[in-house]
Amino acid sequence: MSFEAKRLCKLALGPVLILMSAAVAGAEVNQVNMSQGATDVGHDIYNLHMLILGICTVIGIGVFGVMFYSIIYHRKSKGVTPATFHESTKVEIAWTVVPFLILIGMAVPATSTLLDIYDNEDAELDIMVTGYQWKWKYEYLNENGENVSFFSNLRTPQSEIYNTENKGEHYLLEVDEPVVIPVDTKVRFLVTANDVIHSWWVPELAVKKDAIPGFINETWTRATETGIYRGQCAELCGKDHGFMPIVVNVVSRDEYNDWLGAKQAEAAEIKALMAQTFTMDELMERGEAVYQRACLACHGAKGEGGVGKAIAGSPIATGELGVHLDVGINGVPGTSMQAFGGQMNDVDMAAVITYQRNAFGNNMGDMVQPIDVFNYKKG
Amino acid sequence: MGDHHHGPAKGLSRWLFTTNHKDIGTMYLWFSFAMFILGGFFAMVIRAELFQPGMQLVEPAFFNQMTTLHGLVMVFGAIMPSFVGLANWLIPMMIGAPDMALPRMNNWSFWILPPTFLLLASTLFMEGGAPAFGWTFYAPLSTTYAPPSVTFFIFSVHVLGLSSIMGSINIIATVMNMRAPGMTYMKMPLFVWTWLITAFLLVAVMPVLAGAVTMMLMDIHFGTSFFSAAGGGDPVLFQHVFWFFGHPEVYIIILPAFGVVSQIIPAFSRKPLFGYDSMVYATASIAFLSFIVWAHHMYTVGMPVAGELFFMYATMLIAVPTGVKVFNWVTTMWRGALTFETPMLFCIGFLVLFTIGGFTGLMLSIAPADFQYHDSYFVVAHFHYVMVAGAVFSMSAAVYYWLPKWCGKMYNEAMGKTHFWISFIGFNLTFFPQHFVGLAGMPRRIPDYALQFADFNMMSSIGAFIYGASQILFLYNVIATIVAGKPVSDDKVWEGAEGLEWTVPTPAPYHTFETPPKVDPEHAHS
Numbered sequence: 072m073s074f075e076a077k078r079l080c081k082l083a084l085g086p087v088l089i090l091m092s093a094a095v096a097g098a099e100v101n102q103v104n105m106s107q108g109a110t111d112v113g114h115d116i117y118n119l120h121m122l123i124l125g126i127c128t129v130i131g132i133g134v135f136g137v138m139f140y141s142i143i144y145h146r147k148s149k150g151v152t153p154a155t156f157h158e159s160t161k162v163e164i165a166w167t168v169v170p171f172l173i174l175i176g177m178a179v180p181a182t183s184t185l186l187d188i189y190d191n192e193d194a195e196l197d198i199m200v201t202g203y204q205w206k207w208k209y210e211y212l213n214e215n216g217e218n219v220s221f222f223s224n225l226r227t228p229q230s231e232i233y234n235t236e237n238k239g240e241h242y243l244l245e246v247d248e249p250v251v252i253p254v255d256t257k258v259r260f261l262v263t264a265n266d267v268i269h270s271w272w273v274p275e276l277a278v279k280k281d282a283i284p285g286f287i288n289e290t291w292t293r294a295t296e297t298g299i300y301r302g303q304c305a306e307l308c309g310k311d312h313g314f315m316p317i318v319v320n321v322v323s324r325d326e327y328n329d330w331l332g333a334k335q336a337e338a339a340e341i342k343a344l345m346a347q348t349f350t351m352d353e354l355m356e357r358g359e360a361v362y363q364r365a366c367l368a369c370h371g372a373k374g375e376g377g378v379g380k381a382i383a384g385s386p387i388a389t390g391e392l393g394v395h396l397d398v399g400i401n402g403v404p405g406t407s408m409q410a411f412g413g414q415m416n417d418v419d420m421a422a423v424i425t426y427q428r429n430a431f432g433n434n435m436g437d438m439v440q441p442i443d444v445f446n447y448k449k450g
Numbered sequence: 025m026g027d028h029h030h031g032p033a034k035g036l037s038r039w040l041f042t043t044n045h046k047d048i049g050t051m052y053l054w055f056s057f058a059m060f061i062l063g064g065f066f067a068m069v070i071r072a073e074l075f076q077p078g079m080q081l082v083e084p085a086f087f088n089q090m091t092t093l094h095g096l097v098m099v100f101g102a103i104m105p106s107f108v109g110l111a112n113w114l115i116p117m118m119i120g121a122p123d124m125a126l127p128r129m130n131n132w133s134f135w136i137l138p139p140t141f142l143l144l145a146s147t148l149f150m151e152g153g154a155p156a157f158g159w160t161f162y163a164p165l166s167t168t169y170a171p172p173s174v175t176f177f178i179f180s181v182h183v184l185g186l187s188s189i190m191g192s193i194n195i196i197a198t199v200m201n202m203r204a205p206g207m208t209y210m211k212m213p214l215f216v217w218t219w220l221i222t223a224f225l226l227v228a229v230m231p232v233l234a235g236a237v238t239m240m241l242m243d244i245h246f247g248t249s250f251f252s253a254a255g256g257g258d259p260v261l262f263q264h265v266f267w268f269f270g271h272p273e274v275y276i277i278i279l280p281a282f283g284v285v286s287q288i289i290p291a292f293s294r295k296p297l298f299g300y301d302s303m304v305y306a307t308a309s310i311a312f313l314s315f316i317v318w319a320h321h322m323y324t325v326g327m328p329v330a331g332e333l334f335f336m337y338a339t340m341l342i343a344v345p346t347g348v349k350v351f352n353w354v355t356t357m358w359r360g361a362l363t364f365e366t367p368m369l370f371c372i373g374f375l376v377l378f379t380i381g382g383f384t385g386l387m388l389s390i391a392p393a394d395f396q397y398h399d400s401y402f403v404v405a406h407f408h409y410v411m412v413a414g415a416v417f418s419m420s421a422a423v424y425y426w427l428p429k430w431c432g433k434m435y436n437e438a439m440g441k442t443h444f445w446i447s448f449i450g451f452n453l454t455f456f457p458q459h460f461v462g463l464a465g466m467p468r469r470i471p472d473y474a475l476q477f478a479d480f481n482m483m484s485s486i487g488a489f490i491y492g493a494s495q496i497l498f499l500y501n502v503i504a505t506i507v508a509g510k511p512v513s514d515d516k517v518w519e520g521a522e523g524l525e526w527t528v529p530t531p532a533p534y535h536t537f538e539t540p541p542k543v544d545p546e547h548a549h550s
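Chains G and E, in that order, are what the protein sequence lines are.
Going by the numbering used here, the first sequence runs without a break in its numbering and finishes at 450.
Going by the numbering used here, the second sequence runs without a break in its numbering and finishes at 550.
One or more of the hints may lead you astray.
Sample of chain E residues facing chain G (criterion: CB under 8 Å; computed from the structure) [to be verified]:
id	residue
1	L313
2	M340
3	F351
4	T363
5	F383
None of these hints come from the bench; they were simulated from the model.
Every residue, glycine too, gets a C-beta built ideally from N, C-alpha and C.
Sequences and hints are given; from them, build the entire structure.
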């Protein structure tokens with residue numbers, strides 16, 4: 072059944088399906104309540120949420136019950152004469168004191184859960200999370216060996232967003248590279264931002280923390296079940312606020328160690344490549360891949376431009392090398408051309424600049440080596 | 025009326041130069057309705073885009089401009105001026121005064137509004153587009169990363185603040201100095217009390233908002249770094265300053281609504297308000313508490329745990345005086361002789377839906393739970409329950425209740441009731457499902473969403489179109505009443521109505537209470 076047809080069916084069946092799907096854990100279709108998630112803190116928050124909701128429901132039934140009793144039985148059309156009573160110190164003291172006591176009853180579990188959430192000590196793993204317009208960067212700290220760091224971008228293609236292709240199952244909630252953490256491990260996230268304020272939210276890990284430029288906020292999670300958990304940026308951060316999802320892959324400790332080992336080896340490889348000198352062909356081949364990943368969306372498959380300026384025949388790509396490096400590394404402030412210097416390693420930067428200068432009919436014939444990028448960044 | 029009295033001037037100059045509280049009240053009411061339609065149109069664009077997953081009608085950048093302008097226009101253009109209009113019409117008539125204390129300033133506080141909103145709306149056509157950083161305009165998205173139109177936005181906010189402060193000074197001066205002999209403070213109708221307290225809130229916090237936007241202006245144009253971490257500033261400072269204004273602001277919106285409901289429920293229950301004194305004290309307590317709870321909007325910014333606890337406990341406390349109010353209204357209805365004309369229907373709608381919004385407010389006050397609710401659609405649902413079902417429903421009730429007194433003609437009751445029921449159903453269809461998607465993890469202010477939220481969003485959009493359409497019925501009913509309504513000759517209009525405004529002829533003459541009335545101590549307040 073097509074997505075549309077399914078949806079119409081569901082709307083027709085309505086309440087029954089809502090109740091059925093509510094019984095399934097996790098971020099389900101037509102979920103109506105908070106998920107308990109995969110952490111103890113998440114369970115505590117869920118219980119707190121249900122407790123307050125329950126108390127409010129009971130009070131609501133009482134208040135609305137009295138009100139609707141009046142509406143039904145105390146209507147003028149029934150020929151009643153209105154009473155004239157007003158003010159009763161006893162009643163008024165009661166409806167001030169009783170709610171106050173109920174609030175104390177709510178404050179106790181709320182305080183203890185809050186203190187738990189604020190206990191950032193004894194984390195076994197620290198991950199730095201940096202919000203960018205509009206992607207997340209993860210850096211694994213505290214590890215022996217090479218530092219592992221990568222960007223996590225939305226993977227949903229524009230064609231799905233603009234309705235020219237059918238939307239996939241995890242539409243808008245899928246990334247090119249998820250953050251991976253081990254199960255049953257206290258993981259501390261150090262959350263910050265590079266430009267504007269973002270907020271890192273994964274409902275099922277019971278974590279939401281604002282990513283604020285110039286500040287490092289701490290938060291933590293300890294997932295008790297393996298699985299893939301999805302979230303989104305929660306603080307309005309500009310145009311593509313709705314398009315910077317978070318995917319956390321919780322895996323067994325062994326799998327985590329394997330994954331980390333592979334990422335470290337990859338990082339070491341890049342480090343080794345930085346010292347190498349490449350041939351034109353090697354740079355062009357690598358550059359083409361980098362271009363397709365990082366530049367194509369704005370500058371077009373043939374360098375013809377789009378959101379960004381054309382690369383084919385552009386005064387920058389066919390002009391002075393220093394200016395070209397500057398645009399690639401530092402971006403163009405006030406435009407959508409970002410500073411890629413911090414987002415791309417020096418090998419990729421060298422390759423993609425070389426590619427831009429020699430593809431799309433630019434034929435400048437010059438090459439950029441990783442060491443050139445390194446030196447340019449040093450100033 | 026004697027020969028020495030002036031009637032209204034003829035033509036446009038009547039409205040441009042008027043110092044008459046009734047004329048100015050009328051202009052405020054029509055202006056706010058126009059803004060309500062404009063802000064509503066922005067909301068329709070938002071809901072149309074969110075009707076289905078995927079981008080269909082607008083681009084994400086324009087979507088953000090819509091959410092921003094919807095919030096700004098509704099808060100500053102529709103709701104606040106509508107209650108100022110009501111205050112202008114009613115406060116002098118309720119306290120037995122001939123006019124507002126400062127009539128010329130009154131003219132100014134209205135007439136600076138329309139050009140300001142024209143300026144704000146014109147940002148839509150500027151290069152870089154209108155402000156797109158949300159009505160809460162958090163720095164640095166609203167400073168370093170803002171479109172150039174932000175400067176026009178800052179100027180607009182300054183002028184709106186000026187208008188609000190002038191309006192509030194006027195209300196304070198009127199209530200304190202122009203009450204008829206015998207109209208002591210504790211005999212004033214509750215609508216006057218809630219507005220007096222609201223006016224003090226406005227005078228206290230509008231300058232804070234002006235401070236916040238001035239700091240933005242300095243950061244953008246004069247090289248300061250109040251909110252820029254790179255220059256040693258603090259983006260969180262912005263939020264503290266903004267919410268020190270912003271939290272009292274939500275009570276500025278809702279307190280006059282409490283006043284309206286406290287006038288209307290006793291009238292249609294034919295029974296005095298249960299606890300007048302405790303209603304006054306509850307209003308004052310809510311106003312006081314509003315100054316010490318601002319950071320509950322900021323639980324996730326990384327405050328120290330002691331700060332979180334303080335703001336959580338203080339916020340929870342607001343439930344007590346708010347509860348007192350709800351219990352009072354319900355007890356007022358208890359053993360009354362109820363009838364259900366349109367104003368009463370809107371007040372009962374208010375009572376039910378505002379209470380639901382109050383409950384979700386209490387849930388949001390619980391800091392650990394707020395880590396899940398914050399910035400999700402649960403918050404959107406919550407504040408629309410208190411803003412729309414609170415402020416807008418009570419405003420609709422007020423218009424139906426006092427319109428016969430204003431224009432001497434009765435509205436069409438069947439059409440009024442239809443307006444209520446369509447509004448009530450449309451409103452709930454729009455905002456109730458938003459609780460669900462919020463709890464399930466849908467963030468607010470996104471132009472597109474994951475597939476599991478699709479059904480509820482479609483319901484929400486359908487509800488919004490229904491609610492929007494019902495306002496056209498409202499407009500039609502009001503115009504039809506003014507043009508061709510059935511004349512009302514009874515001064516009291518409603519059997520259960522109490523208060524001085526019901527002692528003047530219907531329709532209320534251009535000048536009322538040129539000689540102060542005698543205040544009957546038994547029936548001074550309702």
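Indices of hints not satisfied (ascending): 1
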